[in-house]
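S.K.: Given chain A, put chain B in place with the hints provided.
Respectively, the protein sequence lines represent chains A and B.
Numbered by our numbering, the letters in the first sequence go through residues 4 to 236 in order.
Numbered by our numbering, the letters in the second sequence go through residues 4 to 236 in order.
Calculated from the structure, these hints are not laboratory results.
Glycine is no exception: its CB is placed at the ideal position from the N, C-alpha and C atoms.
All clues given are correct.
Derived CB-CB ranges, DEER-like:
id, chain 1, residue 1, chain 2, residue 2, range
1, B, 66, A, 90, 27 to 33 Å
2, A, 37, B, 230, 57 to 63 Å
3, B, 52, A, 236, 54 to 60 Å
4, B, 141, A, 65, 42 to 48 Å
Protein chains: 2
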Amino acid sequence: MTVSLDTGSAGATIVIASGGLDSTTLIYHLLAHGSRVRLMSFDYGQLHRRELDCARQVAEILQVPHQVVDLRAVGVLLSGSALTDLTVAVPDGHYTDESMRATVVPNRNALMLDVAVAVAVTTHCGAVAFGAHGGDHAIYPDCRPEFVVAFNASARLANEGFLASGFSVLAPFLLQSKADIVRLDATYEVPFERTWSCYRGGARHCGTCGTCTERREAFQVAGIADPTSYEAA
Amino acid sequence: MTVSLDTGSAGATIVIASGGLDSTTLIYHLLAHGSRVRLMSFDYGQLHRRELDCARQVAEILQVPHQVVDLRAVGVLLSGSALTDLTVAVPDGHYTDESMRATVVPNRNALMLDVAVAVAVTTHCGAVAFGAHGGDHAIYPDCRPEFVVAFNASARLANEGFLASGFSVLAPFLLQSKADIVRLDATYEVPFERTWSCYRGGARHCGTCGTCTERREAFQVAGIADPTSYEAA
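Bound conformation, chain A alone (with noise of 0.2 Å):
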């Protein structure tokens, strides 16, 4: 299923989906509140390549259109990210942890988004969302309220006279936590086994690296049981 020049895109929501636990549940989010959703994933080199087949799976759960875009000539130019360039180790740790920076891809969201936004222009979509959430402040200076609120102001001015009528970049979960988004499951019982978090991609979740120890964290401090199979214990 594609996209395009889908006219039964108008009006629909375009949603960043990254196979992770944050974009699927707001997919489903949206869904609930009464969105038509077409999803688009990036595939930009990532070394877990794993969370692109995971947003594929909820697209075919849902049947709703998915897209994955390849930025692989772009991924290529941005060597030094632990998360593209098998050469920078992934680090253990927290979010909050300094050695986290090696995680940041340069200008990524801002890339994803402005993808998005020209198919959104082209396909007459209302809207494009991004799972961004509170816990990613510290790391990723491009998951931050002051960043959703200027990149909404470049993309309206980029392509004004051309967007549909009260487009709008949303970051729904933007001023939560993981542990919030986490317990919407209660509300919409989200395939989280179906999600991928590890940044190593190995065949199981490493249970140790920054988004496996926040995913652990937000699944304890919601109270809901972790259907995720870490290889640390």
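M.R.: Frame of chain A; chain B shown alone:
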């Protein structure tokens, strides 16, 4: 030649080089003002692909690094523009004509600038520059001063803590006319005959599409001999 992780890029300026008259003059302008430049061109499936060859030739003449980034996977999603879609006719006329809306590629400048900003972070470049000018304002919303201001704010927030000190997205010709740009030739001796404007991308410039019309006018207004060979007299 490629930029990649060339440490010599630290402090350099990445110039979005379309192969057209404006961005080519911009390269000479920046070099004349002491900048070290890296050229970045984009293949987004534009039908006037000859412009990419022009960018390559200028890079060779100047012996500066040049990189063509393949964004065709994004371009195919943006059907509906006369610049990427064979089924949409390239309109004749002037930039101020309503028909010129067909030549807009949605969000193109934000996308190209985003890639350049990401590479600037990775390679420690000090600036990104592009050739937007006053004549573009009428039709291309992503060439207006308000966009450049908003994009700068967004890009800095998206990459706070990772950008080179004093980093900026520059558009030195933003308030100048295309005739003003042509007049710079007296100082820089830009090889205008190696630049490409025509949206039709034939063997010669058509002479009647929006950008050919604007190119011809610029030389006439500047009172400088136009070295371009046009199909239509």
